[in-house]
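Enquirer: Chain order of the listed sequences is D and V. Taking the numbering used here, the leading residue of the first sequence gets 1, the next gets one more, and so forth. Taking the numbering used here, the leading residue of the second sequence gets 1001, the next gets one more, and so forth.
There may be inaccurate statements among the hints.
[Unchecked claim] Chain V regions said to be covered by chain D (calculated; three or more residues, Cβ under 8 Å):
1. 1141 to 1154
2. 1194 to 1208
3. 1230 to 1240
[Unchecked claim] Going by beta-carbon spacing under 10 Å, a handful of chain V positions derived as facing chain D:
4. F1066
5. L1077
6. T1080
7. Y1082
8. S1161
9. L1165
10. V1171
11. N1179
12. P1182
13. L1183
14. P1243
15. A1250
16. N1279
17. I1282
Keep in mind the hints are simulated off the structure, nothing from the lab. Every residue, glycine too, gets a C-beta built ideally from N, C-alpha and C.
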Amino acid sequence: MTTLFERAAVHLRERRVEGGFGPSPELAPEPEPTGLAAIALDDVDAVAWLSDHQRADGGFEILAGPAVTNDAATATAAVALGPGAARERALDHVVAHRARLTPTNPEAPHDPDTRGWGWTADSFGWVEPTSRAVLALQLLRPSAAAEIRDGLSVLADRECPGGGWNYGNSIVYDTLLPPYAQTTASALIGLQGALADPFARGMTTLTRLWSAERGGLSLAMTLAAFRLGGRPEVPEVERALSDELRRTDLLGDVVALAWTAIAAGPGLERLRWVAP
Amino acid sequence: MDGDRGRARARAPAVGRAVSEPIDRRTFLKRAAAVGAGATALGLGAGTLIPRLAERLRHPWDADAFPPPGSPRVAVLRATSYDGDLEGVVLDGLRAVGAEVDGASVVLKPNLVEYDPGTVVNTDPRLVAASVLAMRRLGAASVTVAEGPGHRRDTQFVVTSSGLLDALAAVEAPFVDLNTSPLARVRLDTSFTDLGELWLPRPVVEADVVVSMPKMKTHHWAGATLSLKNCFGCVPGRVYGWPKNVLHWAGLEQSIVDVAAAVRPDVQIVDGIVGMQGNGPIQGTPISAGVLVFGTDPVATDATAARLMDLDPGRIWYLSQAARFLGQGDLERIRQVGEDPERDAVDFEVLPPFERLKVGSDAGGSVDAGQA
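Whole structure, please, built from the sequences with the hints as guidance.
Expert: Okay, structure coming up:
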């Protein structure tokens, strides 16, 4: 009987294009799906693609125009690259390219003394890119203590009332916004026990949310978050993800497929951070 | 469909610099004031560089790219339920406004920014499915439903939980995730922001007819979200993020104009059967407006829909700007079909900063957008 990892890996390998992986079948490779696939499959060709597409400043960007640079995949690529100069340059980029300090906005308040990381360069910090950067730095460059502290502060600041995270606004116009499974999982993968109380509340929140949010990406990241967060046996989540893969092929979303292979396979250990 | 719009989209992927000098509204106002003062101080007259620059600042769009609006028809048809013969109502509406889709590849773009089972964030899937069938009845060569959710990265969750995938399966229509679609680099013919260009999904750029299908909702940064604002969902998250915050940074209201001018929806179907009031577009409460609004001019359609929400379209900043070049904002020149937008207006609650948008409010002007 094939395992979830084996099935996801077969699907994922079928998506390979020009040495890397695009966000959906038939699309040209991009850094995020390629980085995740490299981690999931321990794939040397994907790593080579990343190496070939790293910018001189160490970053990885996806298609963007003159006014927009999306470098949010750089932290993931740093994990995927493996030890060496290319990884160090990627980490240098992560450290040097945090979000902008932004005054708080009374309608959507946040801690104005924190930055975190954004989806696009020189903009606002959000939960998912900040989680990726925190994970990469905690794993690979713990000496970046100030940046890690800042990232943790952002995640603490953006926690939804009661626990868990959405994309990064917890209150808008005095309305408490709810957490989502996928972004909560993303934050938990970044934290892995750091910020003990928000982490514990996040695990509780994810336990409550996951069964109602049965998209492939949400389930895959949930499975990874639980396994990295001290709950290695979550057969009900794995079963739901397996069913979704069989039933929908995750709508061809290569990022969701790569997260499935990571969550169910040996690549997960490359994301495991143990507090010193 | 409209030949000019088709040609505009066909040439859009060209890579190049913005035609107009990139500028945002606040910079525009500041520079315009400075230019005026400088010209006076220097005694400069017509024919100099400064008046030409001032002209460009006053009109941040390429006039050649936007034909003058005519007198479009906008139809407001009564529909009090998502059950029953919605396909028939949609057919009536499309015919009433002269929507031409015969032989065309059609992309329907509903609003699925998010999914919340407790309220009415999304364009109802039954209306989307009915519109698929209506488009086919009108001779569309193909009909695809496409959206790039702005808050949720897990599109599968949104389209499954909302019921859209099941609704589309029932009418055998494909769904395309615009967040993970192939992209085209589109030069902007407007410069309300300094973006200069956008990466837009090829399924939208290459479609013969794009149909914007918004939910009739209030919006806590822009006042109202209708067919123009709905075009934000065409902007791919994998470039611009979740949320597509770079557009907010560029100026939310200005971005609405730039994005809508790039997408140029050919047909609009506004879901006002049940809309959202208050803290929209996500956290508001349902309100029955009992209508569907149809048009082929997004400015005229949104102006009509705003009136149905008891909002003054002239006070919605992005709509007032779009009315300068993108479509017909002069209410006297919009040919209304069906229900009367004033007589049948429903009092949509708005957040306090937007009270000034209400019809009959003493305060005029627009509302500045927030940033997050």
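Enquirer: Next step is simple, just say for each hint if it's right about the structure.
Expert: Outcome of the hint check:
1. 1141 to 1154: Since 4 is at least three, the answer is holds.
2. 1194 to 1208: holds (count 6)
3. 1230 to 1240: Our answer is that it holds, as 3 residues pass the Cβ test (under 8 Å) against chain D, meeting three.
4. F1066: Violated. Min distance 21 Å.
5. L1077: 33 Å, violated
6. T1080: With a minimum Cβ separation of about 29 Å from chain D (threshold 10 Å), the hint on T1080(V) is violated.
7. Y1082: Violated: closest Cβ of chain D sits about 23 Å from Y1082(V), beyond 10 Å.
8. S1161: 8 Å, holds
9. L1165: At 9 Å from the nearest chain D Cβ, L1165(V) passes the 10 Å test, so the hint holds.
10. V1171: For V1171(V), the interface hint is violated, since the closest Cβ of chain D sits about 18 Å away, which is over 10 Å.
11. N1179: 8 Å, holds
12. P1182: 6 Å, holds
13. L1183: Hint holds; L1183(V) Cβ to chain D Cβ min 6 Å, cut 10 Å.
14. P1243: 6 Å, holds
15. A1250: Given a least distance of 7 Å, the restraint on A1250(V) holds.
16. N1279: With a closest approach of 5 Å, the N1279(V) hint holds.
17. I1282: 8 Å, holds
Of the numbered hints listed earlier, those contradicted by the structure are 4, 5, 6, 7 and 10.
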